[in-house]
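Protein sequences appear in the order of chains A and B. For the first sequence, counting from 1, position 208 maps to 237 in the numbering used here; every step adds exactly one. For the second sequence, counting from 1, position 207 maps to 236 in the numbering used here; every step adds exactly one.
FYI, nobody ran anything at the bench for these hints, they're computed from the structure. Be a bit skeptical, because a hint or two may be false.
Which copy? The list can't say, so a pair holds if one copy fits it or any two copies do.
[Said to hold, decoys possible] Pairs of lysine to aspartate or glutamate, EDC-like flavour, derived with a Cα cap of 20 angstroms:
{"id": "1", "residue 1": "466", "residue 2": "307"}
{"id": "2", "residue 1": "337", "residue 2": "95"}
{"id": "3", "residue 1": "403", "residue 2": "473"}
{"id": "4", "residue 1": "266", "residue 2": "427"}
Protein chains: 2
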Amino acid sequence: MVHHYHYVIVLLLLFFTSISSHQHHDHDHDPSIISTMEQFSGYSILEPTSFSSLSYDAQALQNQIDELSGFSDAPAPSVTRVLYTDKDVLARRYVKNLMGIAGLSVREDAVGNIFGRWDGSEPGLAAVATGSHIDAIPYSGKYDGVVGVLGAVEAISVLKRSGFKPKRSLEVILFTSEEPTRFGISCLGSRLLAGSENLANSLKTITDSQNVSFLDAARSAGYARDEDDLSSVFLKKGTYSAFIELHIEQGPILEDEGISIGIVTAIAAPASLRVEFEGNGGHAGAVLMPNRNDAGLAASELALAVEKHVLESGSVDTVGTVGILQLHPGAINSIPSKSHIEIDTRDIDEERRNQVIEKIHETAIRITKTRGVKLTEFHIINQDPPALSDEAVVNAMETATKELNLTSKLMISRAYHDSLFMARVSPMGMIFIPCYKGYSHKPEEFASIKDMSNGVKVLAFTLAKLSLQ
Amino acid sequence: MVHHYHYVIVLLLLFFTSISSHQHHDHDHDPSIISTMEQFSGYSILEPTSFSSLSYDAQALQNQIDELSGFSDAPAPSVTRVLYTDKDVLARRYVKNLMGIAGLSVREDAVGNIFGRWDGSEPGLAAVATGSHIDAIPYSGKYDGVVGVLGAVEAISVLKRSGFKPKRSLEVILFTSEEPTRFGISCLGSRLLAGSENLANSLKTITDSQNVSFLDAARSAGYARDEDDLSSVFLKKGTYSAFIELHIEQGPILEDEGISIGIVTAIAAPASLRVEFEGNGGHAGAVLMPNRNDAGLAASELALAVEKHVLESGSVDTVGTVGILQLHPGAINSIPSKSHIEIDTRDIDEERRNQVIEKIHETAIRITKTRGVKLTEFHIINQDPPALSDEAVVNAMETATKELNLTSKLMISRAYHDSLFMARVSPMGMIFIPCYKGYSHKPEEFASIKDMSNGVKVLAFTLAKLSLQ
């Protein structure tokens with residue numbers, strides 16, 4: 030299909046780069062292109078408004094990101110937006126409104142994955158999807174995930190304004206709970222879409238730290254109304270011919286090297302663990318040191334061991350973090366009787382990562398012996414394999430960046446994303462844009478309007494190409 | 030005054046031990062004793078009801094302890110009763126009602142120290158005081174402090190039922206916020222009574238973790254109404270001729286050695302520190318290990334160093350605890366950008382304890398260099414000297430235990446108490462009773478009815494003796 034594939038690209042280049050002629054293209058033998066032409070010919074791309082409107086839209090995207098950041102339970106510039114809270118529900122409504130304005134038909138599933146569809150000329154074909162998440166961990170920033178949702182809606186609008194007409198339908202997906210904040214499960218929505226039976230089962234009984242069940246929380250947000258079995262969310266294989274996610278890098282590489290676009294070839298394999306120790310606690314003054322079994326010190330020792338075991342791997346690609354460490358009862362004059370820690374470890378090498386997990390487990394057991402505490406929990410919450418991007422999708426992204434004259438580099442995503450799970454049911458690819466100092470998951474997180482609009486253009490081009498394949 | 034001193038003791042022994050004759054005592058030369066006799070002669074201690082009522086009262090004390098434990102923000106058997114919360118206010122009302130029933134005149138000061146007074150025959154003399162606290166750290170037990178408040182009211186009632194009439198007035202004191210839970214200040218009420226100018230000043234501006242000011246919190250509980258300056262709480266020196274506190278040991282010694290009563294000769298010197306580290310945080314997947322400055326690991330390292338430095342002191346009397354360790358933002362996939370830890374360290378040797386604090390400080394500074402984090406706070410919240418019991422008070426307690434045929438031992442209090450601060454403005458002594466396995470500050474905390482009633486009897490005897498000195 031090289032022939033009208035080229036046509037579309039030139040068409041979009043006209044739009045993006047103000048080359049104002051598009052008449053010398055032969056495509057009569059292709060009905061889908063004829064319909065494209067009909068659409069297109071009815072729309073003048075020659076008025077300067079077309080271009081000003083595009084740059085305007087870049088600003089509009091920034092405005093939308095700023096507006097969405099207002100739905101937060103933390104004071105600006107921090108953003109806290111946790112699954113199914115009032116602020117999350119308001120933010121979802123905001124995105125659905127944007128989808129409606131963009132002329133997308135909106136659908137939600139039982140856990141609140143939101144789908145905005147633009148029917149192609151052959152709606153029976155597997156669709157091309159793009160999207161990300163809008164939930165935000167406590168005191169984080171406003172770009173993580175959001176750029177890939179609002180940017181996707183904008184990419185669709187760009188294609189519409191350009192007069193482009195897709196063959197395969199295009200869908201924007203807002204994924205539920207990419208962040209594990211509330212129920213300890215990351216990428217909850219995309220895991221379910223990818224058909225995780227285990228998750229569907231555990232969601233029937235799981236509760237948050239306030240003992241609110243997942244199902245009650247979902248219902249309070251208007252989801253999971255008439256069903257406890259959430260397997261209705263599973264996607265049929267072949268639903269999508271491709272999935273592309275636009276995201277800030279969350280690392281410093283693109284900014285350091287002055288490169289506009291990162292093309293992700295693989296996503297590192299993440300795992301998360303929950304560990305709990307228990308001791309006798311007691312009064313901080315009255316219980317002498319030899320009589321103690323301090324669950325808090327056990328946790329501190331394990332936290333430092335996580336760092337040690339990760340560094341022992343010898344690879345810069347291995348990372349491990351203790352982001353949660355809680356002591357019970359949590360009083361200055363009380364020896365901790367319980368501790369709870371959550372560990373995140375990742376690697377592009379699954380085997381090496383699993384060895385780190387094994388060492389962490391061995392150390393936890395050793396600590397129980399040296400400190401006389403009980404290991405009341407050592408639970409591997411998730412232990413996922415890495416994901417590889419699809420070659421055709423990578424090619425489409427690379428071509429798009431070339432045609433837009435943007436610098437790009439192939440890279441690995443060390444952070445994981447809904448794409449990790451979408452890769453199980455669809456060919457997958459990711460587009461990274463630079464972010465300030467690689468900051469993410471904190472208020473200083475920032476991506477420039479220019480970098481975001483580059484990302485949106487590459488996404489639009491890539492969607493257009495894949496929608497015709 | 031040995032003469033009628035003996036009289037009183039015999040009188041009480043009659044009451045406690047059912048010896049039913051008290052006629053061969055000459056005391057006519059003492060008006061206070063005559064009035065005592067008038068009181069006494071109108072009250073028959075010969076009816077069996079007197080003794081059954083005493084044993085009944087032991088049960089009544091247990092019932093009161095159980096009832097008070099119901100004013101809690103944690104599910105039983107845990108008790109959580111934090112300063113100026115609704116549950117604290119209800120518990121205070123309960124104690125004031127008990128004081129009223131016992132015929133005490135009730136007074137409260139600006140921070141909610143509660144005083145229940147029984148006027149003696151010479152109300153102009155410095156009074157003899159006893160008391161403790163009823164606030165409870167999160168998820169703790171129902172005996173810590175409470176035994177010394179409800180037990181004191183019961184001791185007064187015992188004296189009244191016995192027909193005893195004090196010369197010096199007797200006062201039961203409920204101290205505000207012995208526990209540092211809410212504002213990070215331990216023994217808040219007794220520190221103020223002891224005249225701490227620093228505390229009076231800091232209370233004007235201090236806030237809790239929810240940013241509620243101390244003054245607003247106090248006002249919500251009905252205190253500090255018309256004043257920001259709380260120096261009105263300071264006691265004049267000489268207000269009390271003696272202060273005695275009845276308390277569970279919070280250690281295992283009395284139970285292990287099968288001894289009924291501990292007579293405290295000194296209270297270990299406590300200190301508490303607040304330390305905060307700050308780093309850059311970032312995404313747990315995207316920021317590689319060499320680029321991290323993890324504030325959480327800095328805190329874990331310091332927590333383990335506290336233990337190390339305490340053990341290095343070489344003395345079993347040195348203790349150190351990290352009861353609070355908090356990470357920000359506290360998400361599994363976010364590198365901690367801030368950590369907050371609170372350290373409690375104590376020793377009967379003030380100098381040795383201060384050396385431990387110095388080592389902790391040096392280690393905190395070393396950690397900032399090795400981990401590239403900032404030490405944003407290293408605050409010594411309090412650093413108090415030890416307190417010695419008053420010899421006359423110790424003698425009175427020892428004599429009381431002998432006359433009640435109870436085993437006793439002289440001991441050190443490693444936990445500190447309001448007595449530590451009352452010792453600054455009054456001769457002080459403490460009575461310890463055994464508690465199960467030395468457990469305290471947790472739900473398993475327990476003292477038997479028999480041990481509590483022994484403690485109440487010793488307290489009653491001691492108050493009686495000191496009220497006549």
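Hint check results:
1. With identical chains, the CA atoms of residue 466 and residue 307 are at most 20 angstroms apart between copies only, with a shortest distance of 18 angstroms across copies and 40 angstroms within one.
2. In this assembly of identical chains, the alpha carbons of residue 337 and residue 95 never lie at most 20 angstroms apart, being 40 angstroms within a copy and 49 angstroms across copies at closest.
3. Only between protomers do residue 403 and residue 473 lie at most 20 angstroms apart by alpha-carbon distance; the minimum there is 18 angstroms, versus 40 angstroms within a single protomer.
4. Taking the shortest alpha-carbon separations for residue 266 and residue 427, neither the intra-copy value of 26 angstroms nor the inter-copy value of 84 angstroms comes in at or below 20 angstroms.
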